[in-house]
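S.K.: Build out the structure end to end from the sequences listed, making use of the hints.
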Amino acid sequence: MFNAAFSDRNKSAVIAELMVRAVEEHKARLMREKAIDRLLARRGTKRAVKSTDIRAARRELRA
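Count the sequence shown with the numbering used here and you get residues 305 to 367, in order.
Since the hints were made in silico from the structure, they are not lab data.
C-beta atoms are modelled at their ideal positions from N, C-alpha and C, and glycine is treated no differently.
Among these hints, one or two may not hold up.
[To be verified] Just the calculated beta-carbon pair ranges, DEER-fashion:
| # | residue 1 | residue 2 | range |
| --- | --- | --- | --- |
| 1 | K331 | R366 | 34 to 44 Å |
| 2 | R347 | V327 | 23 to 33 Å |
| 3 | S316 | T349 | 23 to 33 Å |
| 4 | L365 | E329 | 35 to 45 Å |
| 5 | H330 | K354 | 31 to 41 Å |
| 6 | R313 | K350 | 50 to 60 Å |
| 7 | A361 | I340 | 23 to 33 Å |
| 8 | R362 | R325 | 39 to 49 Å |
| 9 | E364 | L343 | 23 to 33 Å |
| 10 | L365 | K338 | 23 to 33 Å |
| 11 | T356 | A317 | 54 to 64 Å |
| 12 | A360 | I340 | 25 to 35 Å |
M.R.: Right, dumping it as structure tokens:
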């Protein structure tokens, strides 16, 4: 299937491109994980905001 799909391309170049993409995706996943960890850590230290306060702030910003 691989050979048929990429019959007109250099197989080594295709594999190299896939490896580069895999590394980029891995880095992006690590960045997302770190961002989520930071958000979760912050969530544990900040007080909750009431939905009524959020609505009031939105109304104030729109005015």
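S.K.: Run every hint past the structure and note whether it holds.
M.R.: Taking the hints in turn, this is what the structure says about them:
{"no.": "1", "hint": "K331 x R366: 34 to 44 Å", "in the structure": "39 Å, holds"}
{"no.": "2", "hint": "R347 x V327: 23 to 33 Å", "in the structure": "31 Å, holds"}
{"no.": "3", "hint": "S316 x T349: 23 to 33 Å", "in the structure": "50 Å, violated"}
{"no.": "4", "hint": "L365 x E329: 35 to 45 Å", "in the structure": "37 Å, holds"}
{"no.": "5", "hint": "H330 x K354: 31 to 41 Å", "in the structure": "40 Å, holds"}
{"no.": "6", "hint": "R313 x K350: 50 to 60 Å", "in the structure": "51 Å, holds"}
{"no.": "7", "hint": "A361 x I340: 23 to 33 Å", "in the structure": "25 Å, holds"}
{"no.": "8", "hint": "R362 x R325: 39 to 49 Å", "in the structure": "40 Å, holds"}
{"no.": "9", "hint": "E364 x L343: 23 to 33 Å", "in the structure": "25 Å, holds"}
{"no.": "10", "hint": "L365 x K338: 23 to 33 Å", "in the structure": "30 Å, holds"}
{"no.": "11", "hint": "T356 x A317: 54 to 64 Å", "in the structure": "59 Å, holds"}
{"no.": "12", "hint": "A360 x I340: 25 to 35 Å", "in the structure": "29 Å, holds"}
Against the hints set out earlier in the document, a violation occurs for number 3 only.
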